[in-house]
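Chemist: Sequences are here, hints too, so could you generate the full structure?
As given, the protein sequences belong to chains A and B, one line each in that order.
Residue 15 in this note's numbering is what sits at position 15 of the first sequence, and the numbering runs on without skipping anything.
Residue 112 in this note's numbering is what sits at position 112 of the second sequence, and the numbering runs on without skipping anything.
For the record, the hints were derived by calculation from the structure and aren't laboratory data.
Just to be clear, a hint being listed does not mean it is correct.
To be verified - Derived Cβ-Cβ restraints for the label pairs, each shown as a range: (1) B/E209 to A/Q173: 24 to 30 angstroms; (2) B/G110 to A/A122: 44 to 50 angstroms; (3) A/D108 to B/G113: 45 to 51 angstroms; (4) A/Q87 to B/E160: 46 to 52 angstroms; (5) B/K112 to A/I33: 46 to 52 angstroms; (6) B/G110 to A/D45: 45 to 51 angstroms; (7) A/G237 to B/A97: 41 to 47 angstroms; (8) B/R254 to A/G237: 22 to 28 angstroms; (9) A/K112 to B/D239: 52 to 58 angstroms.
All C-beta atoms in this analysis are idealised placements derived from N, C-alpha and C, irrespective of residue type, glycine included.
2 protein chains.
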Amino acid sequence: MAKDKAEDYSRDIFHRGRFCLIQPRRCGHRSGIDAMILAACLPRDFAGLAADFGAGSGAVGLAALARCRQARLALVENSAFMLDYTQKTLNEPLNAAFAGRVRLIAADIGLKGQARAFAGLADNMFDFVLMNPPFNDRRDRPTPDDEKARAHILREGLLEDWLRTAAVTLRPQGGLALIARPQSLNDVLAACRGRFGALQIVPVYPREEHAAIRFILRGIRGSRSALQFMPPLILHGADGHGFLPRADAVNNGRQGLFD
Amino acid sequence: MAKDKAEDYSRDIFHRGRFCLIQPRRCGHRSGIDAMILAACLPRDFAGLAADFGAGSGAVGLAALARCRQARLALVENSAFMLDYTQKTLNEPLNAAFAGRVRLIAADIGLKGQARAFAGLADNMFDFVLMNPPFNDRRDRPTPDDEKARAHILREGLLEDWLRTAAVTLRPQGGLALIARPQSLNDVLAACRGRFGALQIVPVYPREEHAAIRFILRGIRGSRSALQFMPPLILHGADGHGFLPRADAVNNGRQGLFD
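Modeler: See below:
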């Protein structure tokens with residue numbers, strides 16, 4: 001478990017000062033642009049209850065709350081190690097403005113049936129689910145850090161488990177958005193089959209001439225509408241490391257990805 | 001069957017005069033940019049035997065032969081109506097330069113086992129397969145034209161049939177490229193599973209701000225490498241209907257899609 005020594009964690013500012021995250025410095029998962037892009041998938045005028053599956057320090061959830069002023073949100077996390085940071089994040093004075101709109105659910109997203117409901121994940125409870133599933137294949141990037149492994153490694157069947165729980169805990173016509181690596185596309189689509197339709201894919205390219213590093217998938221529970229590729233998100237210009245204007249606006253909560 | 005009245009067919013020039021197609025004017029399938037983009041997937045220095053599955057008038061095959069000077073190619077078509085046009089295309093004086101590098105296989109791509117081999121589609125015979133499968137869902141665009149229906153309507157299981165035949169008739173490590181509508185992505189990926197890897201997807205956008213109208217998928221038989229999203233192909237600029245420079249070069253055989 002984390003000790004409260006200053007060097008064990010960092011306090012990182014997002015959305016130009018609108019919220020901060022308390023994140024483990026040396027192990028576990030640290031959030032960045034992926035979380036900001038995912039949070040940008042929630043419609044700006046969303047006024048229901050959203051969930052951040054695998055919340056970690058709360059990056060996706062707080063970014064969504066900061067941009068969508070009427071949203072309420074449940075941070076869902078199972079790792080006791082990371083829950084310590086989720087709670088520290090919520091305790092930060094800078095984040096006090098979100099207190100009335102956010103709650104924490106300590107639950108294993110892979111649970112089923114009564115065990116899932118008992119853990120706080122009831123059927124039809126959410127209007128939107130956001131998820132950034134662990135995405136490294138164990139074979140291609142072994143990590144000696146157990147907590148990082150828990151956040152990063154895509155174990156067999158995890159996408160199926162997470163998308164099943166998303167489908168059950170969403171109301172009919174509820175929304176889904178996830179961010180994943182291109183190599184997971186086939187498994188993501190297979191797990192959506194029969195559960196989510198009106199799928200919209202946004203490839204995320206580091207630069208115009210490079211292969212995509214991530215894709216966003218948005219969908220609607222129970223829809224039978226056809227899949228679409230939406231305009232790509234390109235992060236950087238040909239030279240320089242700064243973000244292009246749209247990527248910068250998405251990263252700082254000033255623009256939704258589908259607005 | 002087509003009669004040889006002038007009004008029954010058109011003679012259309014492609015690649016700025018490098019080849020022409022004899023196409024039915026009033027019914028059946030007429031080729032355009034889709035075929036040119038697909039043909040652009042064959043590597044420029046390709047020197048083996050490629051196949052154009054569902055060749056129609058021969059647009060994909062001739063475009064590939066025009067750009068890849070060392071390629072040999074088999075036009076595979078099953079419709080007697082369209083085979084008439086395939087043959088007319090090959091008989092055109094402008095296309096005489098390709099005569100030594102092209103052959104016609106009249107075969108149903110959905111055949112299996114000995115029947116498939118008897119029809120001329122032998123195991124491991126191709127180095128690359130190009131396909132533009134019929135892609136309209138019968139429900140969303142009914143057509144009263146039987147020949148157009150045959151070319152355009154994606155019957156249940158057709159993608160599975162075509163990709164199975166592609167996998168069997170390709171040599172190990174042979175290449176595949178297809179063009180399809182985004183709504184077919186899930187079925188295409190499902191049919192590739194266990195057969196093709198190193199998948200590369202290129203979304204094709206009409207304009208930067210619009211949803212994609214097609215995607216290209218390229219893959220390698222038997223590969224286990226991860227899927228990638230490659231840089232998108234954008235056809236038109238924000239104003240005007242002309243092609244952007246890269247799309248124009250692809251459409252006219254001056255640039256491969258992956259070069």
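Chemist: Each of the hints needs a verdict: does it hold here or not?
Modeler: Here is how each hint holds up against the structure:
1. The hinted window of 24 to 30 angstroms between B/E209 and A/Q173 holds, with their beta carbons roughly 26 angstroms apart.
2. Between B/G110 and A/A122 the Cβ separation comes to about 47 angstroms, which falls inside the hinted range of 44 to 50 angstroms.
3. In this structure the supplied range 45 to 51 angstroms holds for A/D108 paired with B/G113, their Cβ-Cβ distance being about 48 angstroms.
4. A hinted range of 46 to 52 angstroms holds for the C-beta pair A/Q87 and B/E160, which are about 50 angstroms apart.
5. Between B/K112 and A/I33 the beta carbons are some 48 angstroms apart, a value that agrees with the proposed interval 46 to 52 angstroms.
6. At about 49 angstroms, the beta-carbon gap between B/G110 and A/D45 stays in the expected band of 45 to 51 angstroms.
7. At roughly 43 angstroms, the beta-carbon separation of A/G237 and B/A97 lies within the given 41 to 47 angstroms, and the hint holds.
8. For the hinted restraint 22 to 28 angstroms between B/R254 and A/G237, the CB-CB distance of approximately 26 angstroms keeps it satisfied.
9. Against the hinted window of 52 to 58 angstroms, the Cβ-Cβ separation of A/K112 and B/D239 comes to about 54 angstroms, which satisfies the hint.
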